[in-house]
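A.B. asks: Residues per chain, in single letters:
2 protein chains.
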Amino acid sequence: MNKESSKINHSLNVNVSVDCVVIGFDDKELNVLLIKRLQAGDEKAYSPYKLPGSPIYMDESLDDAAKRVLVDCTGLKYVSLEQFRAYGEIDRLRRAEDVQWLERTHGLASTPERIVSISYIAFVRQKKFRQLTETYQATWMPVSKLDDIDLAFDHRQIVTDAIRKIRRDVEVQPSIVFEILPRKFTMLQLRAVYETIHGEKLDIRNFHKKMTNLKYIVQLDELEKDVPHRAAHLYKFDRVVYKRLRGSI
Amino acid sequence: MNKESSKINHSLNVNVSVDCVVIGFDDKELNVLLIKRLQAGDEKAYSPYKLPGSPIYMDESLDDAAKRVLVDCTGLKYVSLEQFRAYGEIDRLRRAEDVQWLERTHGLASTPERIVSISYIAFVRQKKFRQLTETYQATWMPVSKLDDIDLAFDHRQIVTDAIRKIRRDVEVQPSIVFEILPRKFTMLQLRAVYETIHGEKLDIRNFHKKMTNLKYIVQLDELEKDVPHRAAHLYKFDRVVYKRLRGSI
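If you're matching them up, the sequences are chains A and B in order.
Per my numbering, the first sequence starts with residue 130, numbered consecutively.
Per my numbering, the second sequence starts with residue 130, numbered consecutively.
Bound conformation, chain A alone (with noise of 0.2 Å):
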C-alpha cells in the first residue's frame, strides 16, 4: 500500500495513545481488565491500576495498535476490538506520577504536553483468559469495586463511559451479552449478566419467560455438569437467527 515502506518509521508517536476496556464476566458480574502499574522499587510512586494501553507506533495504524496493547499487555490474541471514544481533554497529564511513569516506562526524555487517547472496547470470556492474566500482571477488577481504587490518567472516566455505553448498547444490541457468557449458559447466568449490567434484581418468571420467546435463545438437550445443586438446563445463542432476525450482518 505504502510505496515508501522501505522508510517506515518505527519509533513510538508519543502524541496519540489508545486504551483497552476489556470486559469479562464471572457469574456474577461485570469485570474490567486493569494492569498492575509497579516498578521496583517504587511501589507507592504510582497509582496502582491502568488500563491497557500504549502510545501508538508510527508505522501503525490505530486498530493495529490496540491489538498489540491487549497481546503485549495480556496476551489475549484475536479478540475483537471495537473503536468507541478518543479522550483529549487538556488536563489528562495533570498527576506527576502519570507523568513519571510513562517517561520511565517508555524511556522518554521528556512527555509531550498533550498525549490524546483512543479508547477501545472488548468484550471476552473470561474464563479463558485465567491464566493469561497471572502471567501479565493484568487483573480482572469487579466494576462495583472500581470506586474503591486509583486509577491512573483519566482511565476512570474512560470505563465509567464504557460501562455506560454498555447498559445503552445491551437494549439495541443484545448480542453483547453473548460475547461474556460461556457458550453453553444457564437462565441463571443470562439473569446474572443482565442484572450487573443494569445494576438490579430482574423478576426471575418475567426475564425466564421474555428469553425463551427470543428465538436466539435455543435449549440444548443438554444439563449443567458437576453441580451442587439440580442441575439446570443448558441454552446457546444462535448467531445466524439473530442476524436473520435483525435483519443485519
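Hints are computed from structural coordinates only; laboratory data are not their basis.
Don't take each hint at face value.
It does not matter which identical chain is used: a pair holds within one copy or between any two.
Derived pair list, reagent style DSS-like, types lysine-lysine, alpha-carbon separation capped at 27 Å [said to hold, decoys possible]: (1) LYS372 with LYS339; (2) LYS372 with LYS294; (3) LYS294 with LYS354; (4) LYS354 with LYS344; (5) LYS365 with LYS165; (6) LYS354 with LYS372; (7) LYS313 with LYS294; (8) LYS313 with LYS344; (9) LYS274 with LYS354.
Given chain A, put chain B in place with the hints provided.
C.D. replies: Coordinates of chain B only, in the frame set by chain A:
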C-alpha cells in the same frame, strides 16, 4: 481547573485534528457541509472540497476544537456535536497536495508524519444556515453526489462512515430525524427524510400509518402555507413524550 493556567500554550498541536460532518436536509435529500479548499492562484493544485476541520490548539479540548471549527468555518453556533470516530491510518497524509495545503493554511515549516483526526457529527436545520454558508465558502453537497467529487485526505471515508452510522442510528434513535427537519413538518417531508437516509422509496400508506401511531409525532391544528398544491397538515416532534416513552434523558 488548571492551576498552571498562566502557562497555557496557545499553539497548534499538529499531531491531532478534528473534522466535522455536518448533516442537513433540503426537503429532498441529505446534504453534507463541505469547505471549498481554494487558494488564490492555486485553484488547480488542491482537491476542491474537504470537511470543516483543523488541528487542535494545545489549550483546547477535542470538543472545544470541534466547536471552534464550526464557528470559524461556517458561522454555525450552538450546534450539538457528537464525537463519532478517530481516524489514524498511517497513510492519511499520502497525497502531496494535502500536505502542501496544510502547511500553507497553518503556516507550518513542516507537517508531522502522522495526524490523527477525531471526527464529529452534527445534525442541523439546513435552511437556517443557507446565508452563512455563502459567507464562509462552505457549501451543502448532496450525499448522492459525493461519488462525483474529489475529497481531501480520508474525508470520503469519514463521510461514508458517518452516513452508515446515521442509517444504523435512526432505527434506535429516531430523534435525529427531527433535528434536520423543520420544527413544523409535513408527512411528505418526514417520509422524504427516511427515504433519503435509507436510500429507498417507502410505501406511503404504511409509512403514514406507522408514523401517526407514534405518540411523539403530534398533528398540529395548522396547514402548510403558500404552497401551489393542496396544503398538507403540519406535525411536530414532541421531545418530552419521546423521552418519556424511551425512559431516558
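A.B. asks: All hints, please: hold or fail.
C.D. replies: Against the structure, the hints come out as follows:
| no. | hint | verdict |
| --- | --- | --- |
| 1 | LYS372 with LYS339 | both (19 Å within a copy, 24 Å between copies) |
| 2 | LYS372 with LYS294 | both (21 Å within a copy, 18 Å between copies) |
| 3 | LYS294 with LYS354 | neither (34 Å within a copy, 43 Å between copies) |
| 4 | LYS354 with LYS344 | within (25 Å within a copy, 49 Å between copies) |
| 5 | LYS365 with LYS165 | neither (35 Å within a copy, 54 Å between copies) |
| 6 | LYS354 with LYS372 | neither (30 Å within a copy, 45 Å between copies) |
| 7 | LYS313 with LYS294 | within (25 Å within a copy, 32 Å between copies) |
| 8 | LYS313 with LYS344 | within (16 Å within a copy, 41 Å between copies) |
| 9 | LYS274 with LYS354 | neither (31 Å within a copy, 60 Å between copies) |
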